[in-house]
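**Q** One-letter residues, chain by chain:
There are 2 protein chains.
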Amino acid sequence: MVNIAVMGYGTVGSGVVEVINTNSDIINQRAADEINIKYVLDIRDFPGDPIQDKIVHDVDVIINDPEIRIVVEVMGGIEPAYTFVKRCLEAGKSVVTSNKALVAKHGAELLSIARDRELNFLFEASVGGGIPIIRALNSCLTADKIEVITGILNGTTNYMLSKMFYEGADYDEVLKEAQDNGYAERNPEADVEGYDACRKIAILSSLISGQQVDFEDIYTEGITKITKKDMLYAKKLGMTIKLIASSKRHDDHVHAIVAPMLLNKEHPLYSVDDVFNAVFVHGNMLGDAMFYGSGAGKLPTASAVVADVVDEAKHLHRNIMTMWKNEKLTLLPIEDTEKRFFVRIEGNTDERRDEVEKVFGPVRIVNADDLDGEFGIVTEVMSEGEYRKKSSQIEGILHMIRIED
Amino acid sequence: MVNIAVMGYGTVGSGVVEVINTNSDIINQRAADEINIKYVLDIRDFPGDPIQDKIVHDVDVIINDPEIRIVVEVMGGIEPAYTFVKRCLEAGKSVVTSNKALVAKHGAELLSIARDRELNFLFEASVGGGIPIIRALNSCLTADKIEVITGILNGTTNYMLSKMFYEGADYDEVLKEAQDNGYAERNPEADVEGYDACRKIAILSSLISGQQVDFEDIYTEGITKITKKDMLYAKKLGMTIKLIASSKRHDDHVHAIVAPMLLNKEHPLYSVDDVFNAVFVHGNMLGDAMFYGSGAGKLPTASAVVADVVDEAKHLHRNIMTMWKNEKLTLLPIEDTEKRFFVRIEGNTDERRDEVEKVFGPVRIVNADDLDGEFGIVTEVMSEGEYRKKSSQIEGILHMIRIED
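Sequence lines, in order, name chains L and P. Once you know that position 128 of the first sequence is 128 in the UniProt record's numbering, the rest is easy, because the numbers rise by one and skip nothing. Once you know that position 131 of the second sequence is 131 in the UniProt record's numbering, the rest is easy, because the numbers rise by one and skip nothing.
Bear in mind the hints are in silico, worked out from the structure with no lab data behind them. Some clues are possibly wrong.
To be verified - Capping the alpha-carbon separation at 20 angstroms, the derived lysine to any residue pairs in SDA-like fashion look like this: (1) Lys314(L) - Asp116(P); (2) Lys265(P) - Pro268(L); (3) Lys314(L) - Lys225(P); (4) Lys325(L) - Ala32(P); (5) Lys265(L) - Tyr270(P); (6) Lys314(P) - Glu90(L); (7) Lys145(P) - Ile403(L); (8) Lys314(P) - Lys328(L); (9) Lys339(P) - Val275(P); (10) Lys145(L) - Lys325(P); (11) Lys314(L) - Tyr166(P); (12) Lys225(P) - Glu147(P); (13) Lys328(P) - Lys228(L); (14) Lys176(P) - Phe165(P); (15) Lys228(L) - Ile403(L); (16) Lys325(P) - Asp116(L); (17) Lys265(L) - Tyr166(P); (18) Lys265(L) - Lys225(P); (19) Lys298(P) - Ile26(L); (20) Lys176(P) - Lys339(P).
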């Protein structure tokens with residue numbers, strides 16, 4: 001029997017208990033041992049709930065119990081999660097977490113503590129919920145140099161952008177609707193400003209580069225400025241707009257970014273709608289691959305957490321996770337990255353085309369239906385620095401959206 | 001240093017050598033040891049090829065060399081592959097194979113020999129080439145009861161059906177073209193008759209059920225009867241036709257089938273075109289997930305083989321693969337499985353509608369452009385047995401295609 005403790009009995013924590021109870025037969029068979037939940041740590045009590053008799057309020061009960069081999073941290077946030085997880089590892093217990101903030105900030109340190117003690121620190125559920133992208137990078141795509149990871153890593157914003165695209169709704173309406181049906185928090189900042197996706201791509205970037213990528217270094221732009229007008233242009237271009245989190249290798253450099261981007265119909269992420277997440281990967285031998293699934297939600301996330309528990313139960317005393325070094329990776333400055341840009345400009349095409357092309361060179365002009373007093377252009381490929389210089393010479397730029405080719 | 005031998009220096013075998021040489025730095029880092037190709041077994045010599053000095057013609061050289069820890073079997077076919085692999089395992093060497101015929105027929109036995117000796121027998125590349133679906137089932141989706149696996153598992157037929165759909169080409173033209181550009185064999189039977197996809201879904205069915213599923217028991221229908229006329233109807237229905245290999249759990253039964261099926265636009269496999277493969281999975285906790293990538297090709301397949309080699313190098317003396325029992329699983333008879341059916345019938349709608357609906361009950365009528373003297377119907381959901389009984393009462397049925405909902 002493998003005794004485990006669950007820290008945090010919120011949405012994910014109760015999901016973990018539900019998954020283990022519902023599928024105990026196959027889970028125990030795959031773990032080749034019985035997974036037993038001995039404690040659930042929470043500040044609250046849950047009278048009437050079957051787990052009430054397992055509730056403890058003091059983390060030391062867990063840390064000091066030698067029978068506990070695996071601890072599941074699903075409290076979220078940096079503290080006290082970081083202190084608890086570190087103490088559990090130092091006490092010789094493997095840890096599973098779904099906490100992206102914790103992994104993005106302290107992953108390298110916690111991985112090395114686990115490695116030194118022949119334990120495991122696994123965090124599949126911290127990125128892409130039910131999509132097994134971390135294990136794929138850790139144990140499936142091990143023969144490849146991963147050159148590109150491009151993902152839709154936030155379900156809330158993908159749901160919102162899908163609604164705006166298909167229903168022509170505007171940002172505020174869809175945000176309100178997403179909040180009303182529980183897809184978005186009352187304070188949606190972490191999702192709509194791209195902070196959530198940023199932490200996730202920081203984790204994936206660290207994994208593929210083998211070095212610490214600080215999320216603070218990743219250029220991050222949310223979807224709050226995307227309007228139904230932008231979607232009209234997207235339709236006209238045969239494209240859609242998604243919040244893209246990507247990490248690309250240019251020779252020895254890595255370029256990471258989170259921003260709303262235009263994708264054409266041929267892009268594998270084009271048709272990933274609603275709350276779904278997907279991660280597109282390009283390996284130098286494998287070529288293109290894509291992983292698609294529920295990026296969030298109680299049970300898909302819990303399913304990923306429990307799969308990590310099973311893996312740790314199969315590997316007690318044996319470290320299986322690829323490390324990344326604490327040493328920090330310097331990302332390629334965004335000014336040096338190249339792409340095409342879609343730009344909305346005040347005025348009308350005939351009057352301003354020459355002026356615009358004098359600055360940007362040849363551009364593709366696009367006019368959306370029923371939008372007077374403005375027009376759109378698609379530039380040639382240029383560096384972001386170049387774009388910034390050129391765009392500063394143009395009056396009346398309304399909005400710019402990058403194009404992911 | 002971990003010494004390995006490669007049996008078979010054909011397309012995949014030379015790909016394995018190329019992958020290991022190209023990515024040796026990251027591969028050795030992930031394996032935490034140096035992977036060294038000591039022998040390549042082939043009946044031929046390769047004068048001038050850098051591996052010539054590693055070529056051996058006698059498998060006993062490999063079997064009797066205690067330095068060889070891992071053997072890669074990429075010869076294909078049942079014999080001598082089966083005998084060689086079995087002897088390698090019995091000699092204490094882990095084995096990696098891309099050989100779906102071997103795994104489908106002897107997987108259970110070879111897995112148990114490996115298990116008994118604390119070795120590994122891995123076969124990621126035998127299904128879906130570069131798509132890590134087997135490892136996903138083995139180590140990622142371990143918290144879930146997998147209720148549905150539906151896949152496009154054969155790149156050749158998917159390429160052909162894509163051409164027929166988008167270019168309105170007919171079967172013989174696209175087959176010739178596929179053969180000319182190397183996507184199809186001169187003898188295309190294994191692909192176009194569905195035998196290849198059948199072995200692959202047999203392997204996946206064995207994995208999710210934990211019991212031996214004999215490919216001979218799986219109802220298998222190829223794409224040779226699909227015509228451009230069928231594609232005209234598919235377009236009219238807003239659907240496409242794919243060669244689907246699926247395995248579904250009904251209570252305690254498993255139903256497996258390989259057949260061309262109509263998919264609507266909302267189906268996650270609808271937009272998987274050309275030589276790409278994809279596997280859609282539904283877990284009782286995870287919900288829907290999809291894995292997409294190059295299903296074949298020298299380097300993607302070799303990439304999957306080498307990833308297995310890395311995993312075995314990390315797990316010498318430790319069995320990591322889920323078993324399936326030798327005990328055979330009885331599949332649900334196809335007569336008892338339920339779906340909707342699309343049927344092309346001679347004559348014209350007005351004259352025959354009543355007669356057809358008297359037999360099938362209410363049907364959706366569909367008429368394709370420029371097709372006179374026939375019409376199509378879509379039935380309600382019914383069992384295959386029921387369909388067969390009813391259709392035998394209708395004269396002039398031209399073709400039936402199942403609908404995957």
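**Q** Next pair to validate is Lys314(L) with Asp116(P); report whether the Cα-Cα distance is within 20 angstroms.
**A** Status holds; Cα separation ~17 angstroms.
**Q** Starting from Lys225(P), check that the Cα of Glu147(P) is at most 20 angstroms away, please.
**A** 30 angstroms, violated
**Q** For Lys265(P) and Pro268(L), compute the direct alpha-carbon distance and say whether it is at most 20 angstroms.
**A** The hint holds at about 15 angstroms.
**Q** For the pair supplied as a hint, Lys314(P) and Glu90(L), confirm whether the alpha-carbon distance does not exceed 20 angstroms.
**A** Violated - the C-alpha atoms of Glu90(L) and Lys314(P) are around 25 angstroms apart, more than 20 angstroms.
**Q** Check the hint pairing Lys265(L) with Tyr166(P) against an upper bound of 20 angstroms on the C-alpha distance.
**A** 15 angstroms, holds
**Q** Holds or violated: are the alpha carbons of Lys298(P) and Ile26(L) at most 20 angstroms from each other?
**A** Roughly 36 angstroms between the alpha carbons, so the hint for Lys298(P) and Ile26(L) is violated.
**Q** Next pair to validate is Lys328(P) with Lys228(L); report whether the Cα-Cα distance is within 20 angstroms.
**A** The hint is violated at about 57 angstroms.
**Q** For the pair supplied as a hint, Lys228(L) and Ile403(L), confirm whether the alpha-carbon distance does not exceed 20 angstroms.
**A** This hinted pair holds, its Cα atoms lying about 17 angstroms apart.
**Q** Does Phe165(P) sit within 20 angstroms of Lys176(P), going by the straight-line distance between their CA atoms?
**A** With a Cα-Cα distance of about 16 angstroms, the restraint between Lys176(P) and Phe165(P) holds, given a limit of 20 angstroms.
**Q** Mind checking the alpha carbons of Lys325(L) and Ala32(P) for me, to see if they're no more than 20 angstroms apart?
**A** 15 angstroms, holds
**Q** Measure nothing beyond the straight line between the CA atoms of Lys145(P) and Ile403(L); if it is 20 angstroms or shorter, mark the hint as holding.
**A** Roughly 40 angstroms separates the two Cα atoms, so the pair is violated.
**Q** Do the alpha carbons of Lys339(P) and Val275(P) lie within 20 angstroms of each other, as the hint requires?
**A** 27 angstroms, violated
This entry does not satisfy hints 3, 6, 7, 8, 9, 10, 11, 12, 13, 16, 18, 19 and 20, going by the numbered hints stated previously.
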